[in-house]
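Residue numbers (the numbering used here), protein chains in the order written: chain A, 1 to 324; chain B, 1001 to 1324.
It should be emphasised that the hints constitute simulated quantities derived from the structure, not laboratory data. C-beta: ideal position from N, C-alpha, C; glycine also. Check the hints yourself; a few may be wrong.
Under 8 Å between C-beta atoms, here's a sample of chain A residues computed to sit facing chain B [said to hold, decoys possible]:
no., residue
1, Met6
2, Arg8
3, Ala9
4, Arg13
5, Pro27
6, Gly48
7, Val278
8, Gly324
Pairwise CB distance ranges (calculated) [as the list claims (entries may be wrong)]:
no., chain 1, residue 1, chain 2, residue 2, range
9, A, Ala123, B, Glu1172, 51 to 57 Å
10, B, Gly1111, A, Thr173, 29 to 35 Å
11, A, His219, B, Gly1114, 44 to 50 Å
12, A, Pro103, B, Ala1068, 54 to 60 Å
Chain residues, written in single-letter form:
There are 2 protein chains.
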Amino acid sequence: MTDITMIRAAQARLEGHARRTPLLTSPFLDEIAGRRVLVKPECLQHTGSFKYRGARSALSALDPDVRARGVIAFSSGNHAQGVALAAREFGVPAVIIMPSDAPRTKIDNTGALGAEVVLYDRAGEDRDAIGDRLSAERGLTLIKPFDEPQVIAGQGTTGLEIAEEAAALGIETADVLVCCGGGGLTSGIALALEADAPGLRARPVEPEGFDDVARSLRHGRIERNATSAGGLCDAIVTPQPGALTFPIMHRLCGPGIVVSDDEALHAMALAFQRLKVVAEPGGAVALAAALFHADETEGDTVICTISGGNVDADVFTTALTRFG
Amino acid sequence: MTDITMIRAAQARLEGHARRTPLLTSPFLDEIAGRRVLVKPECLQHTGSFKYRGARSALSALDPDVRARGVIAFSSGNHAQGVALAAREFGVPAVIIMPSDAPRTKIDNTGALGAEVVLYDRAGEDRDAIGDRLSAERGLTLIKPFDEPQVIAGQGTTGLEIAEEAAALGIETADVLVCCGGGGLTSGIALALEADAPGLRARPVEPEGFDDVARSLRHGRIERNATSAGGLCDAIVTPQPGALTFPIMHRLCGPGIVVSDDEALHAMALAFQRLKVVAEPGGAVALAAALFHADETEGDTVICTISGGNVDADVFTTALTRFG
């Protein structure tokens, strides 16, 4: 199980590789939220999302002989790019299994980062069977997207940075709003805050219709979404919280917050206008919660992540046209 | 005259106020340029451009009694917002004289930052006369946008950071491409590099039709633009290099580079796609030079600034539609 020792070890392994993202602010956002808003823009991380941290953490923790045989991942998005880049940095093969209907830019990017992309037909082919066969044939190691201790440890390094940056600003208590899919980033941050900033509390934020974590936390047991894919915020949509991530979130997190797709688009437009960073819809839900659900948080400061910025131009343009 | 001692003193005064911007990279940009590209995104600076550094430097260098009477600036853009925020932080009045046809968002933002905005009619009113009258009546101190030693010193702190970051990466020689209007940022960076990274060389980058600095450097004397305002890259358009900035640039800078408006828009789209930051057209010219004028630079690494991100949604959408 991931603990603070593993997160600190991951941070040491990521030193000089993962980018330390700054904390951004804007008086205009403070005014909307009615309190100080601090934004951790992981869209500025390598590959455009926090996923690189977990991928690099997992690959760097592998035995070199095992790693040399290569890694494999299932992903249609940010995890794919994180694993592809980390594998390229180590000079080892990466196979990414993607649905054939994934956005062309994500397929192209993953391939351009040096990974072998294997496409499968969602309707007619068994993704896991393909993965099992390739892994057995080539001795590849599976890098899961969130329910994997070293991945959680890597994402937790974001929390170590938040704790340090908050302390430098004299912030002792605050809600830390985290864009939440399977819970890798949320649980990692929660563990880091528990150790280094116990007055800061992680709060998962999800899009409407995919609020499995909020419901699971409320009911104290893992619940599933009615639908498990699609939606504007696709980057953070998962069927249910992870078997490893949920107990951590249940022990440490405050209640989940749920935002609408329109609120996410509005937050994207404000991140463009006031912070000059690019957020993808799923990456903007925590900022949306900070700005538009202020009544659900407490204190004079709120901290929120922007988890990624891998958004197509047409979706971004929609956000600017409607809310710019 | 600005020198390295003044720049270091400005850095000390800006400590805890100006944001230290990270150096961003993308393997996709490296591939386009055919070499490593390092990007200093000053669009992430407070108020969305490097101008805050110079404004804060100038205000913090004033005698407190003088500062308390307030400051005045002429600007339709980024300098206005930098001065407004710095004045608000010191709790002193700021008067910004803007043309009545300036973009509404820039007028609104400057006012929202607490400045008193005085609009004048470009055709029928004398801007300088209005400024002189207000300054005399209220004892306001004029903060010039670039031809002012403490402003140059503040912009130069960007160069101190670049020098330090390049050294950390083991970079000893590189061209540093700087978005250039009046030359405050370019001359400040050039002075900082001369002291702290003598193998790095500042290179001004301008948009076509407004290449006064490139021509002035080539001919060894100050030359003017045929037109002194307008154009897509309005944020960095000035009539001619400054009386203080030109001698510094002439002594220290490599030749200027000139990019087209289309290249600036294309660079904006690539900054969106690959770096997840928002660049305004004038703020994207140095990145455009790095990517599309590789034959005009030397070495295996090129460093470039993104000087600002204050762009309206419609211009940004145009860049994404055409080049996204």
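Okay, the hints, checked on the actual structure:
A least Cβ separation of about 26 Å between methionine 6/A and chain B goes past the 8 Å threshold, and the interface hint is therefore violated. With a cut of 8 Å, the hint placing arginine 8/A at the interface with chain B is violated, because the nearest CB-to-CB distance is about 22 Å. Residue-level restraint check for alanine 9/A is violated (minimum Cβ-Cβ distance to chain B is 23 Å; threshold 8 Å). A hinted interface residue such as arginine 13/A counts as satisfied when its beta carbon comes closer than 8 Å to some beta carbon of chain B; here the least separation is about 18 Å, so the hint is violated.
Annotation: proline 27/A was flagged as interfacial toward chain B, and the flag holds, the nearest CB pair being 7 Å apart, inside 8 Å. With 8 Å as the threshold, the beta carbon of glycine 48/A comes within range of chain B, its nearest partner Cβ sitting at about 5 Å, so the hint holds. A distance limit of 8 Å between C-beta atoms decides the matter here; for valine 278/A the minimum to chain B is near 4 Å, and the interface restraint holds. A least Cβ separation of about 3 Å between glycine 324/A and chain B falls short of the 8 Å threshold, and the interface hint therefore holds.
Judged by the Cβ atoms, the range 51 to 57 Å given for alanine 123/A and glutamate 1172/B holds: they are separated by roughly 56 Å. Glycine 1111/B and threonine 173/A have their C-beta atoms about 33 Å apart, which keeps the hinted 29 to 35 Å range intact. For histidine 219/A and glycine 1114/B, the hinted distance range of 44 to 50 Å is satisfied, since their beta carbons lie about 48 Å from each other. Distance hint check for proline 103/A and alanine 1068/B: the Cβ-Cβ separation is about 56 Å, which falls inside the suggested range of 54 to 60 Å.
Violated hints for the displayed structure, listed by number in ascending order: 1, 2, 3 and 4.
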